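Asks: Assemble the whole structure, with the sequences as input and the hints as a guide.
Spelled out from the first residue to the last, the chains are:
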Amino acid sequence: MTHTFLMLIRRDLLLAHRQGGASLLAIAFFVLVVSLFPLGVGPAPEMLERIAAGTIWVAALLSVLLSLDRMFQADLEDGSLDQLALLPIPLSLVVLAKAIAHWLTTGLPLTLTAPLLGLLMQLSPDAYGALLIGMLLGTPTLSLIGAIGAALTVGVRRGGVLLTLIVTPLYIPVLIFGVSAVEAAAQGFSTTAHVLFLSAMLSGTIVIAPIAAAWSLKLALD
Amino acid sequence: MAEDPLLEGRSLAALRGERLIFTGIDVTLAPGELLKLVGRNGAGKSTLMRMIAGLVTPFAGQVTWRGNPVGDDRDGFCAEMIYAGHQDGLKTALTAAENLALFGRLRGAESRSADHALAAFGIGDLSDLPVRFMSAGQRRRVSLARLLVAPARLWLLDEPLTALDTGAIEQLGAVVDAHRTDGGMVIAATHADLPGRPGKVLEIVPPDPFDDDDAFEDEPDASDGLEAGA
Numbered sequence: 001m002t003h004t005f006l007m008l009i010r011r012d013l014l015l016a017h018r019q020g021g022a023s024l025l026a027i028a029f030f031v032l033v034v035s036l037f038p039l040g041v042g043p044a045p046e047m048l049e050r051i052a053a054g055t056i057w058v059a060a061l062l063s064v065l066l067s068l069d070r071m072f073q074a075d076l077e078d079g080s081l082d083q084l085a086l087l088p089i090p091l092s093l094v095v096l097a098k099a100i101a102h103w104l105t106t107g108l109p110l111t112l113t114a115p116l117l118g119l120l121m122q123l124s125p126d127a128y129g130a131l132l133i134g135m136l137l138g139t140p141t142l143s144l145i146g147a148i149g150a151a152l153t154v155g156v157r158r159g160g161v162l163l164t165l166i167v168t169p170l171y172i173p174v175l176i177f178g179v180s181a182v183e184a185a186a187q188g189f190s191t192t193a194h195v196l197f198l199s200a201m202l203s204g205t206i207v208i209a210p211i212a213a214a215w216s217l218k219l220a221l222d
Numbered sequence: 001m002a003e004d005p006l007l008e009g010r011s012l013a014a015l016r017g018e019r020l021i022f023t024g025i026d027v028t029l030a031p032g033e034l035l036k037l038v039g040r041n042g043a044g045k046s047t048l049m050r051m052i053a054g055l056v057t058p059f060a061g062q063v064t065w066r067g068n069p070v071g072d073d074r075d076g077f078c079a080e081m082i083y084a085g086h087q088d089g090l091k092t093a094l095t096a097a098e099n100l101a102l103f104g105r106l107r108g109a110e111s112r113s114a115d116h117a118l119a120a121f122g123i124g125d126l127s128d129l130p131v132r133f134m135s136a137g138q139r140r141r142v143s144l145a146r147l148l149v150a151p152a153r154l155w156l157l158d159e160p161l162t163a164l165d166t167g168a169i170e171q172l173g174a175v176v177d178a179h180r181t182d183g184g185m186v187i188a189a190t191h192a193d194l195p196g197r198p199g200k201v202l203e204i205v206p207p208d209p210f211d212d213d214d215a216f217e218d219e220p221d222a223s224d225g226l227e228a229g230a
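In order, the protein sequence lines correspond to chains A and B. For the first sequence, our numbering gives the first residue as 1, with consecutive numbering after it. For the second sequence, our numbering gives the first residue as 1, with consecutive numbering after it.
It is possible that some hints are incorrect.
[To be verified] Pulled a few chain B residues facing chain A out of the computed Cβ check, cut under 8 angstroms: (1) Ser11; (2) Ala13; (3) Leu15; (4) Leu90; (5) Lys91; (6) Arg105; (7) Leu106.
Quick caveat, the hints were computed from the structure, so don't treat them as lab data. Just so we're clear, the structure is a prediction, and the values are computed from it rather than from any experiment. Here a beta-carbon is modelled for each residue, glycine too, at the ideal position from N, C-alpha and C.
Replies: This is how it looks when you write it as structure tokens:
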């Protein structure tokens, strides 16, 4: 079972690598959206510093959203979702493997890019740690919640907009705690509470999201 | 041949969009047997196939494998079954050999090589070609070659002959025959003849529509109203 699970992650990474560009697109979108803000609100450092955390987090969230709709759609279209559903492991583990692969190809690269954008946004030097840890804990949650939305809209024509409408409200808690962790760190407060909240959300969704997504995938295949 | 059936489906019924597609279908399959599903378009051949595979929940009835309902040990059943749907389920960005290796490894069968499977369907020379450059028939051959990459007792083939030329149909017939000789079982939904030893045939006929009419006979007004509405 572990073997199949790891093979599934490798499969999605191989496909992402072959089809190319998934990670690069997400990063490019992330960088572009964030770099719009200095142009839009002006380059005054104190202004940028105030909006840095929110801007980076919102842009990361949008980048993840943008990459969600192919999570199951491509596999449904060519029939390989049937084959995945018929593997001798529970469908929820298939979903978990795909969510992990999704995070490795989007959430992780975004997390690693975030400090560079912090530089651009005049982020306070004390806040980089909180930004990194927050995104490290928050982006997997985004991928997992996104899996539910992607599974719900998998058979829907032009489901991308619907997916956004379903998933965005569910992203709000991650956004709130992610941003406030950075702001707390910038002002010299402890970030333990925020980090614990982000960890709790990750632990919760890692259990619930694969099961919920597996259920909606079963309905889509039925 | 007198072995007990491993796969049994009892009084299966399918409901699609509030319409009863078939009802009272019984399927039994013992080692070495081939079952051909026939029926007009839309009779529910694919639905029955997906139902046996466990992708579609039966509206009524039950599928059992080795005497136990498949729902009791789904993973065990899936490990012994390969479903080849009418979509080929291949990744076009990968080569034929990569597709097969992926399929084999996901099912935990490292040892069998993809080359002999491709050779059995006459496309051994195409193993390094990405699937997106292949014709429909070649893709179908690759998708059928999966049957030989991971061992499975039961093969479910939904329209396996689509896009295949006569040579490939002969090869599939030989592969199916060899599988049956080894005690394997095959269910194939196809109208054309599969070469090789003949098997059982199950025709799926639509359920009698009279049941609905009977219900309305006591209330002719309701029936009239319905027809006018339709």
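Asks: Let's test the interface hint: is any C-beta of chain A closer than 8 angstroms to that of Lys91(B)?
Replies: Given a least distance of 6 angstroms, the restraint on Lys91(B) holds.
Asks: Ser11(B) was flagged as interface toward chain A. Is the shortest Cβ-Cβ separation under 8 angstroms?
Replies: Violated, about 20 angstroms.
Asks: Please verify that hint: Ala13(B), Cβ, nearest Cβ of chain A, below 8 angstroms or not.
Replies: violated, 14 angstroms
Asks: Should the hint that Leu15(B) touches chain A count as held when the rule is a Cβ pair under 8 angstroms?
Replies: violated, 11 angstroms
Asks: Tell me if the interface restraint on Leu90(B) is satisfied: Cβ within less than 8 angstroms of some Cβ in chain A.
Replies: holds, 7 angstroms
Asks: Report holds or violated for the interface hint on Leu106(B), using the least CB-CB distance to chain A and a cut-off of 8 angstroms.
Replies: Constraint on Leu106(B) satisfied, holds at 5 angstroms.
Asks: Hint Arg105(B) vs chain A: min CB-CB distance below 8 angstroms?
Replies: For Arg105(B), the interface hint holds, since the closest Cβ of chain A sits about 5 angstroms away, which is under 8 angstroms.
The structure does not agree with the numbered hints 1, 2, 3 stated previously, though it agrees with the rest.
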